[in-house]
Amino acid sequence: MTNAPLAMLAELTHRCPLACPYCSNPQELTAKDRELSTEQWADIFEQAAGLGVLQLHLSGGEPASRRDIVELVAAARDAGLYTNLITSGIGLTPRRLQALEDAGLDHIQLSVQGVNARIADRIGGYKGGFDRKMHVADHIAQMGFPLTLNAVMHRENLDDLEATIEMAVRLGARRIEVACVQFQGWALSNRAALQPSRDQVDEAKRIVRAATERLRGTLVIDFVPPDYYSDFPKACMNGWGSTGVNITPDGTVLPCHAAETIPGLTFARVTEQPLRDVWYDSPAFNAYRGTDWLPDLCQSCERRDIDFGGCRCQAMAVLGDPSATDPVCRKSPGRAALDALLVQEVSTVDVPDFIYRRL
Amino acid sequence: MGPADVPSLPRGVRRHFDRVRDTPVLLGPERVLMLDQIGCAVLDHVDGQASIDQISDTLAGLYDAEKSEIMADVIAYLGDLADKRLLDVRT
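First to last, the sequence lines map onto chains D and S. The letter at position 141 of the first sequence is residue 141 when you use this note's numbering, and the numbering goes up by one with no holes. All you need for this note's numbering is the position in the second sequence, starting with 1, plus 359.
Derived from the structure by calculation, the hints contain no laboratory data. All C-beta atoms in this analysis are idealised placements derived from N, C-alpha and C, irrespective of residue type, glycine included. Take these hints with a grain of salt, some might be off.
To be verified - If we take Cβ atoms under 10 Å as the criterion, some of the chain D residues that face chain S in the derived model are:
| # | residue |
| --- | --- |
| 1 | T2 |
| 2 | A4 |
| 3 | L6 |
| 4 | A7 |
| 5 | Q47 |
| 6 | A49 |
| 7 | Y82 |
| 8 | Q142 |
| 9 | L147 |
| 10 | E177 |
| 11 | T218 |
| 12 | V220 |
| 13 | D222 |
| 14 | F223 |
Produce the complete structure using the sequences and hints provided.
Now the structure itself:
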């Protein structure tokens, strides 16, 4: 039986003042003239709530690049959704933050690119971005807005993990996501520049363990490990078409933000078909739903119902086969290909320059 | 957490009735907790005023149970929420 979705990620726009080389948006970005209107989004939020979605993540790009962000938050709350704004903070003036609060915004998730201007502005590709973000963060704290920091960690900033966690405490965040970069979207093109070393990863795990104990009751630390260094794959999206649904800026409905990299799947647009029909009945959502489609290796594995074979987009990216066991898995014949990549990219002397995300 | 502590739901954490799944839930950042009868009974009395002792007293009366047993359950339940930062505790 197919469950109703719990969470929706609404990519309101692909416009963003930052140009992070690990952006999870697809390489082919959607231009402003193809973005959905305020009314179309409001209708999607109503449909989502009717379908069973409880949590809405307003994301992008930078969602504050939408002039109607306050109206969109109000529409989401009217629909009965728990509403989270995933933002770089750029473009959130005190007046706009107040308007978002008045509209009923439940929670803010602020991205951090680094612990100082030098590294943060280099990663974000935006000079002055760090200082502006810190002003916004201070204002969010003064307002008492529930805050999560989202820190994407990689080769260049993983050694600053301790300072990153301290920053979260200083800013009054209740939660930090220490998210080691996952290689999809723009990050895939920058893998060699972003891939941490095993020593960095081991140290990061030690720091997370210690900080989790030390900060119990003060700060929750959610750690996303770098899966190339894991023995078993992540339960990507908690299973394809099981829990979450993504909507792109032009209304395309996806099982995850990278799903369009899988050839042969056709994704419907919510402007043309009701969300309920897309979720339950579309071939794309049913392609990798459940466990019946899994290869024999996974079918016979005791982890079948733990990781559901891992990530389809990763199997596609590394092995060229979206139906294969995630190559992270130690039992997978594809693991050799992943290990070869890892050795090659981590041992390279000439670390390549970033390819920045641009619309 | 002790008897004199006063729990409250912080901003950004709220109760909601999930009509699709026909169940009460507690919503917080990246969290959805389905609330069973016990969870609801405890949270009904978390108002930012009542202490753990007072909440346990009330529940012991309502359910005709030993207060010490109730209090152990209340502390276990609310302590878990506090660890997840879904509950504030004033000491």
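Which earlier hints turn out false for this structure, listed by number in ascending order? Of the numbered hints given earlier, those the structure breaks are 1, 5, 8 and 14, listed in rising order.
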